Amino acid sequence: MSDITSQSLFELTSNIKEKKLSSEEITKAFINRAEKSKKLNVYVTDNFEKAIDQSKKFDSNPNLDFKLPGIPIAVKDLFCTNGVRTTAGSKILNNFVPTYESTVTQNLWSQGAILLGKLNCDEFAMGSSNETSFFGNVQNPVGENLVPGGSSGGSSAAVAANLTPVTIGTDTGGSIRQPASFTGTVGLKPTYGSCSRYGIVAFASSLDQAGPMTKNVRDCSMLLEVISSFDQKDSTSIDYKRNCYSKELSKDIKGKKIGIPKEYRVDNMPDEIEQLWKNGISYAKDCGAEIIDISLPHTNYALPTYYIVAPAEASSNLARYDGVKYGFRSPGQNLIEMYEKTRSEGFGDEVKRRIMIGTYVLSSGYYDAYYLKAQKVRQLIKKDFDDAFSKVDAILTPSTPSSAFKIGEKTNDPVSMYLNDIFTVPINLAGLPGISIPAGKDKNNYPLGLQVIGKPFDEQNILNISYALEDRINFKNDISDWWLSE
Amino acid sequence: MSKNSEYLIERENKQYEVIIGLEVHAQVTSESKLFSQSSTKFGAEPNTQVSLVDAAFPGMLPVINEFCIEQAIKTGIGLKAKINKKSVFDRKNYFYADLPQGYQISQYKYPIVGEGKVILDMPNGQKEIGIERLHLEQDAGKSIHDIDPNNTLVDLNRSGVALMEIVSKPDLRSPDEVNVYIKKLRSIMRYLGTCDGNMQEGSLRADVNVSVRLKGETEFGTRCEIKNVNSIKFMQMAIISEANRQIDLLEEGKEIDQETRLFDTKRNETRSMRSKEDAHDYRYFPDPDLLPLEISQELIEKIKSDIPELPDEKKKRFIDKFNLSPYEATILVSDIETSNFFEEVIKNSDVKLATNWITGELFAVLNEKNLEISQSPVSAKNLSKLINLIKDGTISGKIAKTVFEQMIDGDQDPLIIVKEKSLKQESDPKAIEELINKVIENNSDKVAEYKSGKDKLFGFFVGQAMKESKGKGNPQLINKILKEKLNG
Chain V
-11 MSDITSQSLF ELTSNIKEKK LSSEEITKAF INRAEKSKKL NVYVTDNFEK AIDQSKKFDS
49 NPNLDFKLPG IPIAVKDLFC TNGVRTTAGS KILNNFVPTY ESTVTQNLWS QGAILLGKLN
109 CDEFAMGSSN ETSFFGNVQN PVGENLVPGG SSGGSSAAVA ANLTPVTIGT DTGGSIRQPA
169 SFTGTVGLKP TYGSCSRYGI VAFASSLDQA GPMTKNVRDC SMLLEVISSF DQKDSTSIDY
229 KRNCYSKELS KDIKGKKIGI PKEYRVDNMP DEIEQLWKNG ISYAKDCGAE IIDISLPHTN
289 YALPTYYIVA PAEASSNLAR YDGVKYGFRS PGQNLIEMYE KTRSEGFGDE VKRRIMIGTY
349 VLSSGYYDAY YLKAQKVRQL IKKDFDDAFS KVDAILTPST PSSAFKIGEK TNDPVSMYLN
409 DIFTVPINLA GLPGISIPAG KDKNNYPLGL QVIGKPFDEQ NILNISYALE DRINFKNDIS
469 DWWLSE
Chain W
8 MSKNSEYLIE RENKQYEVII GLEVHAQVTS ESKLFSQSST KFGAEPNTQV SLVDAAFPGM
68 LPVINEFCIE QAIKTGIGLK AKINKKSVFD RKNYFYADLP QGYQISQYKY PIVGEGKVIL
128 DMPNGQKEIG IERLHLEQDA GKSIHDIDPN NTLVDLNRSG VALMEIVSKP DLRSPDEVNV
188 YIKKLRSIMR YLGTCDGNMQ EGSLRADVNV SVRLKGETEF GTRCEIKNVN SIKFMQMAII
248 SEANRQIDLL EEGKEIDQET RLFDTKRNET RSMRSKEDAH DYRYFPDPDL LPLEISQELI
308 EKIKSDIPEL PDEKKKRFID KFNLSPYEAT ILVSDIETSN FFEEVIKNSD VKLATNWITG
368 ELFAVLNEKN LEISQSPVSA KNLSKLINLI KDGTISGKIA KTVFEQMIDG DQDPLIIVKE
428 KSLKQESDPK AIEELINKVI ENNSDKVAEY KSGKDKLFGF FVGQAMKESK GKGNPQLINK
488 ILKEKLNG
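In the order they appear, the protein sequences are chains V and W.
The first sequence begins at -11 in this note's numbering and counts up by one.
The second sequence begins at 8 in this note's numbering and counts up by one.
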């Protein structure tokens, strides 16, 4: 048997079910490794003591019918966890301990999983490099001083570094897929309305979706099966029959029509990305898929549209962090002064930047020119995909326009940072499912990902295509454990 | 309306007309809040009816309470208004300590109910007031400034309670019309059970828009909005004071600033709260946590079929069926409890007498004791018994008043009172004849005077006969027999 922490979720659950491993052994193995991996800074809050207690409890009376039997899992610190501090990577929630559980994490615990701890992320999920977190940046296990992507950077790093078997992140404009791409892991953003938003600290309500982040596609299907559910506590949750994704997982994609959108060939795209995409296309052909050139004409407008819609919603969603009811408060002589001090000191620069952009685009006199227009463009982007999906079953693109960059490289250039999301934001705007799988490496041996985009509720199809491609690509992440301490 | 009933404010040969529009905030009658399951019960300990949603904890999401939607539709139907099959909840963004989300969920561009109307019964006839719209919104919490000298305390029990904002067109022209309008609106909503209209508990409050113009002008003047006035009396005072303030400004040749004002009830004047320039930019946008609200025709039909008879229809029925005067009918239908009481009484008794007794004696008692008709000390059942005693001649109207006085004390049965106190009217012609004979005998001198032409003395004989009967003699019979005896 290979080292416990390098095993996939599928292997770990099999070993538990076959009684080859106990939950306690597995839990302790991940904790031990975490103790030696502080340099990566993936944890904001650990839950190690309670996790060991719970693993023992599981072992004393194991329920092997569970889908995640006694499996320890760390989650992004954007999910509210009952009794465990939840910060959203922000000083303003530094001391916040929820008395309630998000639906998505509850789904994990209801299937036997155990909370290992809360993973670092960009503040309020606003960022593409995990550098906006109040709790410091995260190191990408792929290479020293590389960003792990964002906003789910702690999550992607934790999976890649074998610090959690799988994890869940949230994706508003690429926050699952881009970090997955940067760390050579798999990340899926489900159809909007597939996973409940109840109990997830909101960034941009019309775009936020939780999703699985895993080592491979099969694990991804297993985890999606657990977290996706209809929830009456979220009015945008959609009641539809969900597949048994892991059972229905198949590499047979013969005859599947895969679209290649010409508009994703952006200016100054590095050759290695171009090459990655070409390889992906030929792999898909090898698997028996039919390749069809398509057009998504409004792609160019997706990024500006996103950077109006998301900050607009965020500016309103973050108004509740005012020092009155919970979280950080900086006292003032009067209410206004208290607000100003609390929010100036409690939020970081990127969050403030987006609150200001959002406030601006919703202001009277600017609303029509920005917010309303962005909503109209959003409809056009959605329609582009509708039209494309009348011809194809899925769409294949690169996940990101580059590989992981150096820590600090883009912090002073927000626009270049925003450009990281160029291939992922249109999918959020259209509410579609999208998955990033590791598909190759750049000249520095840093991972690169391909994105498969599906029709609404067609997660099974993009999982199957990814499963077939994964097999064909046979990607190996060579991570050297450079960060480990004794 | 006739000219002479117009409400005009005079200034040196000039007459000013007052234009009023109301934005009424009516609390929806509902067990739970608009987007959460917390209780809405009034008067609970502070912060005991607050859910995680009401307090805007991270990750909490609003879920529409469908009952509140039905209540708004019902009210819309009661206002003869258009129900919009698609409406949208928006966020109205502003910071305040008692607004936990940092925004109020309201409806801005697409309200649930569109244009409708309310008919006012004014002394000179009916007047129609247009309804611009009705929309649903959340109430805020309550900031309490006077308990702690150094801090403001916040009670979130009210946070998230459903309100209907009913916006009238600028069709009101006098404090009297405002009085009748509010009462009519309240009456319709109480008939429907959609708002209890309790102004003391804040279930009904209004923002009052006032402008003035010279009589005969067709353009509207600049308006001022007086925020959050919570009684009809204060609305009327605020309107009069504000209209006069505006007219004074115009008379001095000054301009009126469009602004939001507050009414100071102690000093009976309005004062500026914020000018148009300082007006909040609420940055309304559709709440992404809620899908647009879609209402099916089936639901509208279902609610329509549950709508009870409303005041206007009831009034028509009372006039047509019971032959009541419009005035009497208006009074009896103004409140659903009153009309129910009336209909209960007339099930077994005379309509005319019931109308007079309810609007006369009963209302007097209720007024005097400051009671609602639901708390009436005399039940409908006993009142109808009393009316029957009058109608069948068992007691006279005069005796009935004595009986009624006694009934008030613990809702006593009038039949028992009449029996125990032997108050039954004497209607036996023989007995009456006997006591008249006695009166004639004892007053032979007066009889002679009467017969010699002093007709006025007839009343004297009636009085004597009544006295002799200890007040119980049937007055018609006494009259009849006296006439026969004296003239015969």
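Hints were generated in silico from the structure; no laboratory data involved.
Some hints could be false.
[Stated by the list, open to error] Below, a list of computed lysine to any residue pairs in the SDA-like style, where the Cα atoms sit at most 25 Å apart: (1) W:392 to W:434; (2) W:93 to V:472; (3) W:93 to V:356; (4) V:340 to W:102.
Since the model is a prediction, treat every value here as computed from it, not as a measurement.
Run the distance test for residue 93 of chain W versus residue 356 of chain V: straight-line Cα separation, threshold 25 Å.
Given that 25 Å is the threshold and the Cα spacing comes to 21 Å, the pair holds.
Would the hint linking residue 93 of chain W and residue 472 of chain V be met if the CA-CA limit is 25 Å?
violated, 59 Å
Check whether the Cα positions of residue 340 of chain V and residue 102 of chain W lie no farther apart than 25 Å.
holds, 16 Å
Are the Cα atoms of residue 392 of chain W and residue 434 of chain W separated by 25 Å or less?
holds, 19 Å
Going through the hint list in order, the structure does not satisfy hint 2, though it satisfies all others.
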